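Chains as they are written, first to last, in our numbering: chain A, 1 to 325; chain B, 1001 to 1292; chain C, 2001 to 2301; chain D, 3001 to 3534; chain E, 4001 to 4272.
Everything labelled a hint here was simulated from the structure, so no lab data went into it. Keep in mind that the hints are not guaranteed to be accurate.
If the Cβ cut is set under 8 Å, some of the chain B residues that face chain D in the computed set are [said to hold, decoys possible]:
id, residue
1, 1042
2, 1130
3, 1134
4, 1213
5, 1216
6, 1231
With a Cα cut of at most 25 Å, we get these calculated PhoX-like pairs of lysine-lysine [claimed, not checked]:
id, chain 1, residue 1, chain 2, residue 2
7, C, 2079, B, 1097
8, E, 4088, B, 1291
9, C, 2137, C, 2197
10, E, 4260, C, 2197
11, B, 1166, C, 2079
12, E, 4252, E, 4026
13, C, 2197, B, 1166
14, C, 2237, E, 4260
15, B, 1291, E, 4026
16, B, 1166, C, 2114
17, E, 4088, E, 4174
18, D, 3100, D, 3118
19, E, 4026, C, 2137
20, D, 3460, D, 3049
21, E, 4026, E, 4260
22, B, 1166, C, 2237
23, C, 2137, E, 4174
24, D, 3390, B, 1037
Fair warning: this is a prediction, and the values are worked out from it, not measured in the lab. Just so you know, even glycine gets a beta-carbon here, dropped at the ideal spot from N, CA and C.
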Amino acid sequence: MAFLLRRLAFYLAAFLVAATINFFLPRLMPGDPIQIMFASAGSELSLENLNALKLTFGFIDAPLHEQYFAYLKSVFTGDLGRSIKYFPLPVTELLGRALIWTVGLMGIATVISFTLGSFLGIFAAWRRGRAVDSVISLGAIFSSSVPAVVVSLIMLFIFGYTLRWFPNGYAANPLIDPAWNWQYISSVLYHGTLPMLTLVFVLTGGFAVTMRNNMINLLGEDYIVMARAKGLSDNNVMLWYAARNALLPTVSSLAIAIGTILGGSLVTEVVFNYPGLGNTLYQAIIARDYPVIQGQLLIMTAAMLVSNFVVDLSYVLLDPRLKKA
Amino acid sequence: MSQLLQNKKAMTGLVILTIILLVAIFAPLLTEYSPVKRVGRPHQPPSWDHWLGTTRLGHDVFARLVYGARVSLAVGFGAGLMITIIGTVLGIIAGYKGGVVDEVINFFTNMVLVVPNLPLLLVLAAFIGQASPLVIAIILGLTSWAWGVRVTRSETLSIRQRDFVKSAEMLGEPSWRIMLFEIFPNLISIVGINFIGSVIFAVITEATLEFLGLGDPNTVSWGIMLYNAQNAAALSVGAWWDLLSPCFALAFLGLGLALINFAIDEIANPRLRTGGMLNRWTRMVRIGEGKL
Amino acid sequence: MSDPILALDNVSKVFGRADKPVYAARAVSFALYPGRTLALVGESGSGKTTAARLIMREYTPDEGRLMFRGAPLGKADSKALRDYRSSLQMVFQDPFSSLNPTHTIRYHLERPLKLHQRGLTAAQRQAAIVELLERVKLDPKLIMPKFPHELSGGQRQRISIARALAVNPQVIVADEPTSMLDVSVRQGILNLLNDMKAELKLALLYITHDIATARYVADDIMVMYAGQIVEWGAVDKVLDDPRHPYTRLLLSAVPDPDRRFDDIRFADELGRIEEIRQQAALAQPEVSQVGENHFFRPMPA
Amino acid sequence: QDASGNVLTLVSEQTTTFVRNFNPFGQTSARYTTLDFMYEPLVVFNRLKANEPNFRLAESYELADDLKSITFVLREGLMWSDGESLDADDVIFTYDYITKFPALDFISVSALLESVEKVDDRTVTFHLKEPNSLIANTIVGMPIVPEHVWADVADPVTFANENPVGSGPMTEITRFTPQVYEQCRNPHYWDAENLKVDCLRMPQLADNPQVLSALAEGTLDWATSFIPDIDNTFVAKDPEHHHYWFTPSSLVSLQMSMTTPDENNRKAFTDVNFRRALSQLIDRQTIVDIAGYGYPLVNDDPAALGELYASFANPEVDAQFGQYGQFDLEAGIAALDAAGYVDADGDGFRDNPDGTPITIDFMVPNGWTDWIDAVQISIESLSEAGLNVKMSTPEAAVWTQNLIDGTYSMTLNALASAANPYFPYIRSFNPNDFGKSRFTAPHWENAELSDLLAQYTQTKDADEAKALMDQAQLIVAENLPIVPIYNSPAFYQYNTSRFTGWADAENPKYSPVVSNANPARLLQLLDLDPVAAE
Amino acid sequence: MTTPVLSVRNLNIDYVGSEADFHAVKNVSFDIAPGEFFGLAGESGCGKSTIAFAVSRLHRPPALIRTGSEILVGGRNVLDLSDEELRKFRWREVAMVFQSAMNSLNPVLTIETQFYDVLRAHGPISRADARARATELLKLVDIAPERLDSYPHQCSGGMRQRIVIAICLALNPKLLIMDEPTTALDVVVQREILQRIDVLRKKLGFAVLFITHDLGLMVQVSDRIGIMLEGELVEVNDAQTIYRRPQHAYTKKLWASMPKLRGEQTRVEASS
Ligand SMILES: Nc1ncnc2c1ncn2[C@@H]1O[C@H](COP(=O)(O)OP(=O)(O)OP(=O)(O)O)[C@@H](O)[C@H]1O
Ligand SMILES: Nc1ncnc2c1ncn2[C@@H]1O[C@H](COP(=O)(O)OP(=O)(O)OP(=O)(O)O)[C@@H](O)[C@H]1O
Ligand SMILES: [Mg+2]
Ligand SMILES: [Mg+2]
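All chains should be built: construct the whole structure from the sequences, respecting the hints.
Okay, structure coming up:
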C-alpha cells in the first residue's frame, strides 16, 4: 500500500511538472504564441480584429504567475480551453473523440502484441537454441528494429494500394452512422485492421525479446528446476511457473514501453489517417492549434501516468512480495 | 570485441552497418548524380540510368539514398552518443553518489520517462521550426536520456555493492576515479546496449519527425525522402520506388543495429548466449551420443 | 600486552524504524592489539559485518565511540581521520567481487602504492609490487599482467591481501575471508594472514562463523549474538569452557567428524534452540568474569 | 438516392472531425457550407465574366455618382428559413452588429463605412468614408444574419449557431455526426424553383488522398482538392463521368524585400536590372510542370496580371517588357554580366557591381511542399547563373512576420484572385499597408502608381478606368517589383453520373469551385439537375 | 544384499561447448542402499551437482549424458524412461533439495499451492485433501499449518528449508537428494535440519544422497562417503574408514587442511 501511495504521489508530482512544462513551452519558444497561433490560422485579419479575437480566446495580459495559476486551475478543473481549428469545440471533447480510437487501437494492439510476444518469447526461451528459437529471435529483432513509419507505409503499399484488401484510412466508413450494429462494427474492424497489424508487428518483437530474456534468466532459477523435479508437466512449468514469474519484469518494461507504443501509434495513425490522438496532435501541430497541442500533451502524459499506475497495480497483484512492502 | 566478432548475429549486424557506412562515405563514387539536382523526368521507374527511379522532382532516388545514409548515420550516432553520455554520466552519479543527488536525478529520470517522448519531440520540433538534422540530434539527445539513466543507475547500484568498489574507497580513491575507472569499465556492455539502442531510436525518430514534415527540406536524408514521397502521393500514383527505397534503407539499418544490440546483450549475459554449442549439442543428441 | 591500536567503546548501531528496531550492534566493546588476532564469531545476522563496517567508518555509531591509538576519533579532525583510514585495510569475503574484473592485477596493486606512497618512481613501484606478490607467495611475472577472472579463488584472495598490505596498514579486518574458498585452499590463506600478522605486527580482526578456523588463527575470540558480544576471551579458554548457552549451542552445532550424529543425539542446547535464542536476544548488560581473559554475559535465569 | 429526395455529395473542406458550427462570421471554425449555401449573398459577382453581377438577395444596387455611397434594394417577399421575413432591418442589424463586435468583421468592411442607413423596408444605403467604385465587391462578402436570432446572442464570436436560421438554399441540418453531415432545402427559399438539389451531404475526409479515393470510387459529386496525376488517378477510373476543370486563381510570385536588412542584398534588389535578370532566370514552365503537376498556369506577364485578368491586359506591356517575363538562361546571365553583377571576389558567386557579396536566403514556409519544390527548381537555375541562393523553411508564422516586416531576403508569395486587377495592385503596393500585411512584402512604392490607383476607385467612367489601369500596368511592368511565376489553379472535380449542369472549360459560365472562398458556387448549385433515376 | 535404490553405472556427462566438450563427470559408478545416508564430497566444480541433476534427468542443454551411462533407480534405467514416465518417476521415487533451498520455492505462489502442485501432478487429489496432507507433512518438520497460506518470502531461511523438505516427503520417495542444502544457513540451523532429516530417514526409510563440501559434517551424518575430484569418483567407503584411513592422496589432503575444533592445533601447509 505504501508502495502504491508513493507511486501515486510521484505521479501527481510528475503531472504537475508536465503541466508546468506545458505552460511554459509555448512561452519559451521564439515568437509570440498568440501571434503564431493566429498568423498560421491563415486569415487575413486586421489588427483590431485580431485583438478582439485574442480576448475571446482568453489570452489575458496578466503577469506570468497569474496566467500560470489560472492555467493550473483550469487544468485541474478539466478545462483545457477551446480548439482554434475546430472552434468552438472544447479541447476536452475533441480529445475525447480521438481518445476512444487511440485507446481502442493501442489498447487492443498492446494486448495482442503483449500476449503474442510473451508467448513467442516463452516458447523461444523454452526451446532455446533450437530452430524455433532462432526463427522467433530473428523475427523479433527484425520487428523491433523497423520504424513504425516504415512498417505502416509498407503495409499501406501492399495491402492498401497493391492488393486493395483494406481501406487506406479512416476508422470506419464515414457514410455509416456510428451505432452498435454489425454494419458499423465490422466497418470499424475492417478499417482498423491495417493500423492494428502495423502496431502489432512493431510491438510484438520487443515484448518477445524481453520475455525471452527474462525467461532464460529465470529458467536457471532453483524453483524452476525444482518444479521440474517435482514431476510437473513441461507446459505447467513453462506457463505456471516460469512464465508467470518472467511476466513480472516484462510488465514493468511494459510501463516504459507505453511511451514507445504511444509514439508508434502516433505515426501509424498519421499514415493511416486514423482519427486518434496521434493524428489529432499532428493536425493540431500543423494548424498550430495551441490549446489542442497543450491539452494533447497533457492528456498523453496523464495517459502514461495512468497506465504506469495500472502497471504498478498489476505488479502488486502479481507479486505477493510487494503487497506488504 | 573478439567475442563480438565470433557472434554470428554481431557479424551480420556489423557487415550491414559497414556496408551502409561505406556507402555513406563513398557516396560520390557510387553515383554520378547529385542528390539535389533534377536529373530526370518526374517519377521515372527504376531503369539502367536511374537504378531506383526518380522522385517527383526528378531527383535520382539512388543518389539521394546513398547521400541520405550520411545524415541518418550522423544523426543516429551523434544523438546516440549524446544520449548515452548523458545517460551514463547521470546514471553513474545517481547510482554511486546516492542520497539527495540520486533522489533528484531519479525524480527527473522518472519524470522524463512518463512524459511521452515522441509527442514531446514533435511539439518541440514544431516550435523550433525547420529542424535541421543537427537540431533534431540535439533535441533527441536532450530529451531521451532517461532510459539510459535508469539502467545505468540500477547497474551501478549493484556494482557499487561489489567489494572492489569498497576496497577502492578504502584505498582512498577519489570518487570521480571510482566512477570512471572502477564502475564505468564494468558498465561497458550496458553502455554499449544503451548506445546502440539510442542510435536505433535516433535513426527512427529522426526519420519519423522528418516524415511528419518537421524536418528541413534542404536536407538529403531518408526521412525527408519519405516525406517528399508521401507528399508526392507516391503510392497513389504508383511510384512505389520513391517511397519504398528509403523504407527499406531504414529497415536495413535498423536491422543491422538491432542485431549488434542483441549480440552485445548475449555477450554481456552469458545465459542468453546460444551459439555453436547448442547446434553441436543437437547434432550429438541426434546421432545418439547421449541424451539429457 | 601492548596498548590497543584500535578500540570500540560501547558502540551501538540500530537499524529499522523506531517501532521495530534491529540492534545490529549493542554496546559493543573490544580492542585490537598489534600482532594479535581477534576472532569474531556468530551466526548469520548477529552483527559481525556491522561491527566491521563500524570500524571501517562506513556506518557511524549511534552510541559509543571509536578509539584510535588511545584517542577518540572525532568527526571534524580530518588529519587523524586520514591517518586512521590509511592504517586500516579490509579483506573481503568474496574473492570474485573484491577485484575489479576490468583491471589487471598490476593495476590493483599499483593504485594503493600511487595513492599512499606518492614519492615512488615507476621502478620503485614495480619493485614494491613484486615484493608484495612475493610476500603473498605468488609469481609476480606470471600474475601481474593477468585479469582477475584468470585466477583461482585462492589466488584472488591473496591479491586482496597483497593490496591491503600495499597501504602498510596497522589493522586488517578480514570478514569471512575464506568462506567462499575450497577447503584445500582455505588453509593457505589463513596461514598467510597469520604470517603477515606476525611479520608486520598487524592487528587482525578475523570475522567468521566457522569456529574451527577461528581457533586456528586467533588469539582471542568473541562470540556475538543479536548485536551483542555474549562471551569473549582467549580462544582456548572460551572454546574449552564455554559459559554462555549460545556459545555452547554454537559449539555443539559445529560439524565434528569425531562425533557421529547418533552419539550426541540432541545435545542439551540443541534441544532448547528456540529458548536459548529468545533469551540470548535480550540485552544482557552484566558481565561475568570466568578467569583471566575470559568473560561472558550471563543470561537471566 | 434517398426517399427524401436527391442528395449531392460534396467536399469543400478537409478535416479529421466535424464540429457543429455554422457561425457565418467564424472564418476558420464554421463549416465550409455555411456561407453562400446557408447565408446567401446580396449579389454574386461572376469573376469569369468581368464581374457581371448575379443578383441574389438584392435585386439591384446603385453606386452614387460621387462614389461615396451605395444603395442595395432587396427582393420582395424574402423570408428566413424559419418563416420570418427578411428585410432591410436585418441588413442594418448585421452591420451594426459587426461594428459592435469587431471580431466578427472578417473582411474588415466596417472600417470603410461611415454609416448604414435604412431607406425603406427593402432599401439600404451604405455611406462610405472615401469614394470607392469597387465597394460593392466588398460589401457582398459579409453575410446577412437574422436579427430575431442574433440579437439575443450574448457572445457571437464563440456562438456555434448549431441550428442556423438562414437565407440560402440549404439551411436545414438533418444529420450531424463528426463523420458526416447533411444540409437540406430551405423551406422558405425565395428561388426554390431553380433549386433541384434536395440535400447536400458532406462526408468527413481528412486529406487529399482520401478525397482522391472517394472521388475515384465515384462517391463524391463535387470536390475541390489537389489530386496528383489527375488524369490517371481520377478521370481514367470512369472517363465518362469523372471530370475536372482547373481555372486560374491566386498569383504566386517571387518577391524580394526592398527593405531587407542586408544592405548588399538591398543594393541588388532595388536595382531593376537585377530584378529583370532574375525574372529571366526563372523556369516557369518547369516549375508548373513539376512542382505543380502541370496544373497551374504560367504567368509571364511582367505586369503580373496574366490570364486571370486577361480582359484588363494592356498590349503595350507585352510589346515593351514581354521579354522580362520569359525564361531565358543565356539572356539572364548576359543581363547580370551587363549590369556588372560578376564574381568579383572569386568565391564562385556573383557579387554586386561594387564588389560586395550577394547572399540570398530564399524563404518559404515549412511544409508548403509545392512551393518548396518550386523554390528548389528556381534555385537550380539561379545557381547555374552564379547567384548565391539558399532555401530556408521557417514556420509559416515566422515567414508571415518576416514578410510583413520586410526583413526577409527573397520569397514566394501568393495573392488571392480578385474581381479586378486593382485589388492585387493596391494590396501589394499600398504604402499604408507596409508593416501590416504580408501582401506588401516587397515594400516597393511608387507615387505615380499610388496616384493612378487612387483615381481608379474614384471614376465611374469605364474608358477612363481602362486608361488608368493600362498606365498602372506599364509602371508595374517596367519596374518589375514582383516576379510573377504562375497562377495556381482552383481545383474543381465533378461527377456527372448523378447530377448534370456543371460548368466546364466549354461552358465557363462561372467559377464552379466549391471552396468557401467562391460565392459563385451558389450559382453552380442552382444549375445542377439530378440525373433521372432509371 | 538388497537391491540398491540408486545404482549409477559408468556415468559420463559432458557439457557440450562450441568447439570442445567439458567432461564434467567421468565414468562414475556407485550404489546407494535403501535407507542409506550416502555422502558425496568434493571441491566446488568437481561435478557433484551434475550427478545429482542426472539422477532426476533435470539437465538442460548443453549438458549431455553420454550413451552407455546407466542410472538405475529401483532396477529401472532412468535414462530409458519416456517423457511421461519420467514425469511420474520424478519426486515419486527421487525427490530433491537444491543447493539454495531458499530459492527453490516459487516466490509468487503460496506454500499450499506448492504442495498442491506436486500432489496433483502425481494423481487426482482434491484441494482439501491436499491441504490435509500438507498439514501432516509440515508437522513432520515442525511447522505450523498456518504457514500454508504464507508466501515464501514471509518465512525465514531455515523455515523455507524445512518446507522444502516437507514437500520432498510428499510422495514418500525412496531417495532424497540433497545438494548442499545448508550452505546458506548458519551452523545451528544446519545442524537442526540435518538432525531432523536423519530422524525422518530412520522413521520413513528413504535413502539420502547428501552432497556437500563440508567434510566434517559429511562424516558426522553419512553412512558411506564418495570423494570426487575433477569429475572422477576417487574413493568410496564407509564414513569412518574414509575419515580415519583415507586411501587416496586427495582425500588425505582434504583432511589435513581441516582445522580442528578440539585437540592439538598444528599448522598445516596447503597448496594455493
Ligand atoms: N544497512 C542496514 N539496514 C538495515 N538493517 C541492517 C543493515 N545492515 C545490517 N542490518 C541488520 O543488522 C543485523 C546484523 O547484520 P550483519 O550484516 O552485521 O550480520 P552478520 O553477522 O555480518 O551476518 P552474516 O554472517 O550473514 O554476514 C541483521 O539483522 C541485518 O539485517
Ligand atoms: N551449463 C554448463 N555449461 C558448461 N559447463 C558447466 C555447466 N554447468 C556446470 N558446468 C561445469 O561443470 C563442472 C561441474 O559442475 P557442478 O555444478 O556439477 O559442480 P559441483 O561439484 O556441484 O560444484 P559446487 O560445489 O560449486 O556446486 C564445473 O566445472 C562447471 O564449471
Ligand atoms: Mg556479514
Ligand atoms: Mg553444486
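Hints broken by the structure, by number, lowest first? 3, 19, 21, 22 and 23
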